[in-house]
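Colleague: As a plain string of letters, each chain reads:
Number of protein chains: 2
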Amino acid sequence: MTAPRSAADVAEWADEADVIVVGFGAAGTAAACEAAGAGADTLVLERAGASGGAAAMSDGFVYLGGGTPEQQAAGFDDSVENMRTFLLAACGPSPDEEKIGLYCERSLEHRQWLVDRGVEFLGTVVPTANGTSPIDGEGLMFTGGENAYPYDELATPAPRGHVVQGGRPGGKYLIRHLTAAALAAGARTSYDTRVDRLVTDEQGRVVGVIASRFGDEIAIRARTGVVLTAGGFINSPEMIAEHAPSVHVTALRLGTEGDDGRGIRMAQAVGARVKRMDAIECALPFNAPRSLVHGILVNRFGQRFVNEDTYMGRVGQAALTLAHGQAYLVVDEEHYAPNWLNVHATWVCETAEELEREIGLPAGSLASTIAYYNSHAEGGNDPQFHKRTASPLKPPFAAFDFRADKFVYAPFTLGGLHTRCDGAVLDIDGEPIAGLYAAGRTTSGVAAQGYASGLSLGDSTFFGRLAGRSAAGEKA
Amino acid sequence: MTAPRSAADVAEWADEADVIVVGFGAAGTAAACEAAGAGADTLVLERAGASGGAAAMSDGFVYLGGGTPEQQAAGFDDSVENMRTFLLAACGPSPDEEKIGLYCERSLEHRQWLVDRGVEFLGTVVPTANGTSPIDGEGLMFTGGENAYPYDELATPAPRGHVVQGGRPGGKYLIRHLTAAALAAGARTSYDTRVDRLVTDEQGRVVGVIASRFGDEIAIRARTGVVLTAGGFINSPEMIAEHAPSVHVTALRLGTEGDDGRGIRMAQAVGARVKRMDAIECALPFNAPRSLVHGILVNRFGQRFVNEDTYMGRVGQAALTLAHGQAYLVVDEEHYAPNWLNVHATWVCETAEELEREIGLPAGSLASTIAYYNSHAEGGNDPQFHKRTASPLKPPFAAFDFRADKFVYAPFTLGGLHTRCDGAVLDIDGEPIAGLYAAGRTTSGVAAQGYASGLSLGDSTFFGRLAGRSAAGEKA
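Chains A and B supply the protein sequences, listed in that same order.
Numbers 435 to 910, taken from our numbering, label the letters of the first sequence in order.
Numbers 435 to 910, taken from our numbering, label the letters of the second sequence in order.
Computed spacing ranges between beta-carbons, pair by pair:
hint, chain 1, residue 1, chain 2, residue 2, range
1, B, Ala771, A, Asn776, 56 to 64 Å
2, B, Leu542, A, Phe648, 54 to 62 Å
3, B, Asp863, A, Gly552, 36 to 44 Å
4, B, Ser809, A, Pro826, 16 to 24 Å
5, A, Ala445, B, Glu532, 34 to 42 Å
6, A, Asp635, B, Asp863, 15 to 23 Å
7, A, Asp650, B, Ala618, 54 to 62 Å
8, B, Leu542, A, Leu588, 53 to 61 Å
9, A, Glu672, B, Ser809, 44 to 52 Å
10, A, His778, B, Ala771, 48 to 56 Å
Heads up, incomplete: computed chain A residues facing chain B, CB under 10 Å, no partners named:
hint, residue
11, Ala437
12, Gly526
13, Pro527
14, His682
15, Gln702
16, Phe735
17, Gln737
18, Pro796
19, Ser799
20, Phe819
21, Ile862
22, Asp863
Source of the hints: derived by calculation from the structure; they are not laboratory data.
On a predicted model such as this, the values are computed, not experimentally measured, just so you know.
Even glycine gets a Cβ: it sits at the ideal position worked out from N, Cα and C.
The task is simple: from the sequences and hints, build the whole structure.
Modeller: Dropping the structure here:
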């Protein structure tokens with residue numbers, strides 16, 4: 435049940451605080467830092483036994499730009515306007531111009547805020563890497579296809595994927611620092627406490643939550659605001675079927691048990707508005723080792739569908755949506771290597787005709803695709819998809835089975851509550867719901883669609899901060 | 435504003451009825467027939483000056499099957515199970531099994547219900563037509579790709595698009611009869627009355643509506659239920675941007691001014707759940723005259739993306755989503771004819787290379803596609819997309835500009851309120867919202883995605899009936 439409870443029906447408040455933060459991941463730790471830092475008595479309720487959420491499973495990229503010290507040290511020019519131009523193109527269709535604008539304007543400030551809480555970055559650049567997992571010593575990477583078509587023609591390519599330093603996985607390190615900062619700021623925590631529904635007063639204002647703690651139902655009052663930072667809905671089969679069914683074929687999902695959409699639903703139950711519930715991100719780790727990028731990805735019709743050397747999160751989205759999760763990576767002997775996850779090729783053949791037969795692709799389709807691709811790749815060109823690193827494929831060939839039910843697609847959801855930049859959760863008419871705030875993947879954020887690695891940690895922490903301040907009663 | 439008003443804040447009820455039906459299109463006329471027929475004092479509120487809605491703009495297909503008299507007269511075998519098999523495959527991913535099941539089981543009964551209200555059908559078959567607009571004398575057509583790959587392999591092809599007879603456009607004729615039937619059953623009407631929000635009592639039950647009539651705000655009480663049959667949201671730019679941005683490029687939209695999503699939003703404002711808000715239907719009238727089906731459709735990469743001889747609504751969906759609204763129809767001289775809308779080819783060239791250059795497709799891409807297509811079409815085959823009518827294209831070539839901002843794409847929305855088969859509007863937890871019912875494109879219906887012409891009139895009238903009965907207090 436996520437339906438709200440009337441405050442009049444609450445017999446006893448088990449606890450109370452100025453601000454209740456629901457969920458202690460990237461957005462929740464940031465919100466708690468700021469709410470507590472603003473002087474609000476802040477109580478974080480986390481359903482797991484520790485902070486982390488999906489953020490702790492991540493590699494620890496934070497998408498920052500506009501001329502960070504790391505970008506400068508590595509010799510890259512960037513500006514707020516350049517970053518904005520890229521994100522507006524990369525995070526649509528229908529990008530959230532307001533969130534993107536503010537996120538870019540305050541990117542340097544947000545980096546400093548993270549640094550002030552002990553988060554370290556490193557400026558080593560691996561300019562050819564498009565969002566693959568960083569290896570030790572790699573600190574600043576192209577994580578959104580900034581250096582690939584068409585973005586390299588729209589904006590000056592600048593790497594913005596800032597990898598946090600100090601431990602792997604980076605997300606865990608980031609969360610550790612932000613958790614410590616939230617506690618240092620005075621936030622209280624209650625773990626193993628799952629919030630199930632909101633409590634509203636007679637005017638519809640959110641004044642608390644109903645939670646389960648060790649099997650007991652408890653009510654906790656919020657004097658100034660509730661901040662929902664409870665993750666997305668990738669682990670709700672029902673919500674996936676109703677909103678983002680393209681994901682139903684994947685063998686894996688990127689999220690914790692908590693990413694069951696409860697935060698979104700309990701807000702909807704008090705009239706909150708959602709947007710872009712169909713949007714998913716899905717990075718496909720096909721380009722590590724990077725020699726595999728030399729190959730071509732084809733769909734079940736034997737056709738290419740994306741420039742293989744762009745950001746692998748864009749490749750994964752394309753593979754899952756445009757190719758309906760049925761993709762194959764065809765490489766040649768010279769560039770063959772097992773995938774970084776030690777996945778080997780499923781098929782090895784002397785000719786394209788033999789390979790397409792083995793895979794089960796339409797007769798002649800792969801041979802036609804390779805012949806056409808090679809005819810231009812000889813000159814380093816790819817008039818169709820503008821792969822900047824095109825070069826011919828020579829037999830013998832091998833192919834990896836990248837179908838979504840066989841391979842490591844790890845999608846997560848991008849859609850969620852429609853919030854204002856200050857974290858206010860909007861109702862169906864676009865008016866703030868009094869007392870209710872949200873950030874992170876419980877909301878639709880900087881990436882309404884599209885994506886770049888580091889955007890979710892980035893916008894979760896940034897807008898988490900704003901939501902925390904708003905809930906504490908300060909205007910952003 | 436769509437936020438609900440508390441009944442306690444209603445100073446005066448301008449009118450009252452047992453059942454209020456909001457919107458007088460296909461679903462609304464059917465709901466009014468049944469609510470009034472069940473003995474309920476039924477008041478229909480319609481924002482336009484007459485009944486009709488988007489249904490009156492349609493060609494008047496009703497998707498019926500399972501062995502109708504028209505199917506039998508035309509010599510086609512069909513069964514409930516065969517129809518269900520087709521719809522489960524054609525109306526997904528994540529098809530609504532419950533709605534499809536009931537719709538198929540009661541298809542013969544629903545046909546008779548329509549016939550009993552004066553709606554006539556005709557059994558002439560045009561078996562090659564896949565959902566193009568009927569010409570006089572065509573009465574029963576393949577309108578969902580039943581006779582095209584892959585559906586012809588999954589179920590026995592049976593035409594189910596039953597065209598109403600007696601006038602063109604057929605939708606207007608259908609509405610005329612159902613309007614008359616609703617009035618004959620005793621329904622009252624108030625035109626030029628736009629419902630803006632719901633009225634709820636202290637328990638959250640829907641007990642009325644707030645409407646605008648000639649500039650005045652009035653409250654109308656519903657003693658047993660409100661039925662929302664207020665159309666979809668294709669004419670809400672804001673909702674399109676938030677839920678179905680793939681549509682943003684089309685020059686046209688199929689719907690009335692009333693299809694602004696208000697019915698969906700006012701229900702959401704009382705906690706209703708929505709599903710498949712991203713799903714759209716978009717028929718592309720490219721296959722009339724039918725000789726144009728001989729051509730091939732290519733995307734901006736010069737690649738084919740669909741079997742051109744399937745249902746043109748499926749082709750349109752593919753063109754708008756998979757091809758991002760950027761499609762070109764390439765035909766040869768022998769099969770060239772202006773489009774039925776008298777649209778002529780934009781480009782005429784002697785060779786594929788010249789044509790791809792003129793259109794601006796990647797160098798060599800169209801030539802490669804045609805060469806590959808022809809190599810199999812010589813034998814009548816299309817191993818890639820399984821076009822059943824494949825035959826080679828011979829120069830000279832012509833191409834129609836079927837880009838969505840240039841051509842007649844007329845999308846409408848399929849997503850909406852999550853209702854039970856009996857019309858009950860469900861809340862976020864899946865529980866019925868007391869007093870609230872819905873049908874038609876205000877809801878997600880038989881076609882959660884995918885489509886077949888006649889499904890919207892079909893499910894709107896069928897589930898409109900059930901919703902009307904439920905609101906009148908009878909269990910379905």
